[in-house]
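Engineer: For reference, the chains in residue letters:
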Amino acid sequence: MYAAITGASFLVLFGVVFWSTARFMRHQIDDSVANEIDEILADSQAGNAGGLGGVVRGLARHPSGFYYLLQSPGGAAVAGNMPPIDPRVGIREWQEGRGPGGSEHAAVRGRGVEIHGEYLFVGWSTRQLHEMEEMVAGSFGWGLAASVALALVGGFVATGRLMRKIEAVSETSRDIVRGDLARRVPVTSAGDEFDHLAGSINAMLNRIESLMSDLHQVTTDIAHDMRTPLTRLRQRLEGARHPSAGAGELRDALDRTIREIDVILGIFSAVLRIAQIESGARKSGFTAVDLSELLGTVAELYRSSADEKQQSFRSDVAPGLAVRGDRELLMQLFANLIENAIRHSPSEARIELRAAARADAVQVIVADDGPGIPPEYRAKVLERFFRLERSRTTPGSGLGLSLAGAVAKLHEAAMTIEDNGPGLAVTVTLPHGDAGRYLAMSFSSSGTI
Amino acid sequence: MIPMRILLIEDDAETAEYVLRALAEEGHEGAVEHGGRRGLERALGERWDLLIVDRMLPELDGIRLVETLRRAGRSTAVLLLTTLGGVDDRVHGLNAGADDYLVKPFAMSELLARVAALGRRATFAPVQTLLRFADLEMDLLRRSVTRGGEPVELLPREFRLLEYLMKHAEQVVTRSMLLEHVWDVHFDPNTSVVETHISRLRGKIDRGNANPLIQTVRGSGYSLRAAR
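Respectively, the protein sequence lines represent chains A and B.
Remember, the numbering used here sits 241 above the position in the first sequence when you count from 1.
Remember, the numbering used here sits 4 above the position in the second sequence when you count from 1.
Mixed in with the good hints there might be a few duds.
To be verified - Pulled a few chain B residues facing chain A out of the computed Cβ check, cut under 10 angstroms:
{"#": "1", "residue": "D92"}
{"#": "2", "residue": "V95"}
{"#": "3", "residue": "P109"}
{"#": "4", "residue": "D188"}
{"#": "5", "residue": "P193"}
{"#": "6", "residue": "S196"}
{"#": "7", "residue": "E199"}
Stated by the list, open to error - Straight line, CA to CA, 20 angstroms or less: simulated EDC-like cross-link-like pairs of lysine to aspartate or glutamate:
{"#": "8", "chain 1": "A", "residue 1": "K524", "chain 2": "B", "residue 2": "D92"}
{"#": "9", "chain 1": "A", "residue 1": "K550", "chain 2": "B", "residue 2": "E199"}
{"#": "10", "chain 1": "B", "residue 1": "K108", "chain 2": "B", "residue 2": "D92"}
{"#": "11", "chain 1": "A", "residue 1": "K650", "chain 2": "B", "residue 2": "D92"}
{"#": "12", "chain 1": "B", "residue 1": "K171", "chain 2": "B", "residue 2": "E114"}
Calculated directly from the structure, the hints in this document are not laboratory data.
C-beta atoms are modelled at their ideal positions from N, C-alpha and C, and glycine is treated no differently.
Using the sequences plus the hints, can you model the full thing?
Structural biologist: What follows is the structure in structure tokens.
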């Protein structure tokens, strides 16, 4: 294929060169012949030259590469250095060896004119033209052969390289299918299209691997988190079934069982909710949201809870903050952050909700002066089921912050978890409501999503 | 309690049985259909006070069923039962024309409270600007409340809370119904906000009165009714 294209283009090039060279040379011959005829006619006008016959005879004696022929009206050669020919007017050309009258003679191109009944022909050897044509054809022939050969070799080499690279990709995918998820397509230092492709494939594989490991983690965590309450549930039901259990005990056990089941269902519900939010389908329902009003409601929802723990709750929300989003999910995001602050801070703690417009975004901060989160765990708290105290004695599923993180991500909002010295400050930076201008989403291990 | 004719369209036989029994105990007349298509035919073919429709149904989806019903010009009240974690179900259901929704699994008291609230809706006077219950009066235009002729000062949220209680007087209203209608919150915020506001409202309306009107219904919610 490669060779055929190379050959074809070479042939086209050859044709153009050959044809234009030959045309140019014939043109040259025609010009010189015309000049010579003009000169012969001019010389024959001069009295001392013995007329046309004299001039031609004189020229034929000292040929300068021209062929001359002067024929009488009867067809007999009067003068010249070539045999008589059929007296036709105009441009004429003979190939070598097929001269007029069958005689051996050179290839000639020239012009015949009729002057007062006599026929004058002046020609020029086309040997040079033919030699040139042969030479051009010859060299092009070699060139064609060489280039086709080169193209074939190059094609083989390139195809081999291509096959090797493709083989590397398919070998990698076979390994991955076999279960080795850590395999990656090799990237060379060439920086060609294949390396770009390999880079993209590897990025995709990284994403898939991290999703797979997430999935694995979540599955394990759900199973783990479910086993403890379900075991407890089973024990309680078994105890309640005991013949000695009175009606009151039975009723009490059932009530507690229902409460426990509600907690388990709540966990499932939260997991499903996070999954749905992460799928991004909810984005189609985005509307203009009055964030100031929303935060006011959230503050109102939790003020009483803070009061019950003797915590001070301060809300400083600028009026007229507008964002685009899903009201329900945004409310849950900030509710989770505040609930988290209240739950994890001791009594007498100070909890703050601040919201204000920044140059290109709306910033909401939920801060407390409670125990905070050690820096090494700040990225972890956004993971599903992560809880600082592994004993899991306090209520809560460890899903609150991951749900908040998923909602923030859906809204293209940055959520950072920082030290409040002492305590914790969670900052959510939302794009302005008027346009999706703000797209800065930073992901880093410092606990930024 | 106003007895109602209720059609339950629910594919899970056990849930259906359980709901029907609870409705019967409340004095309602209930019937059940397990498939979406049959359910729609029956909903259109007979006169019902309320339809309870499951979101996930064989043959015809619950939301499509409600849409079809509304396109046929039926204004029968519809309570949609949605699935666990179905984030969009509420919006889709209400857009399709459902009047209320309840996320499965639900407490039976919650379902019965919502059924009662929807039943009342049908017989609601179209425009009411003056709500009255016992010696409690609420003027919705002047945003004023009096108890036994004495003016009561309420904050806006307390006003909305009392308005909802008065519109559903003698019925049980649950915590989540109050969160939805008074705060426009559609998830369980895990706070005592409702309890706190009820307690404040009691302080302003019932304190020192021999006849308290706001009652706590154990395990269910609250109700505006005269103490017995």
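Engineer: A separate judgement is required for each hint: does it hold in the structure or not?
Structural biologist: For each hint, the structure was consulted:
| no. | hint | result |
| --- | --- | --- |
| 1 | D92 | holds, 7 angstroms |
| 2 | V95 | holds, 6 angstroms |
| 3 | P109 | holds, 6 angstroms |
| 4 | D188 | holds, 7 angstroms |
| 5 | P193 | holds, 5 angstroms |
| 6 | S196 | holds, 5 angstroms |
| 7 | E199 | holds, 8 angstroms |
| 8 | K524/A with D92/B | holds, 11 angstroms |
| 9 | K550/A with E199/B | holds, 15 angstroms |
| 10 | K108/B with D92/B | holds, 14 angstroms |
| 11 | K650/A with D92/B | holds, 18 angstroms |
| 12 | K171/B with E114/B | holds, 18 angstroms |
Violated hints are absent here; each numbered hint is respected by the structure.
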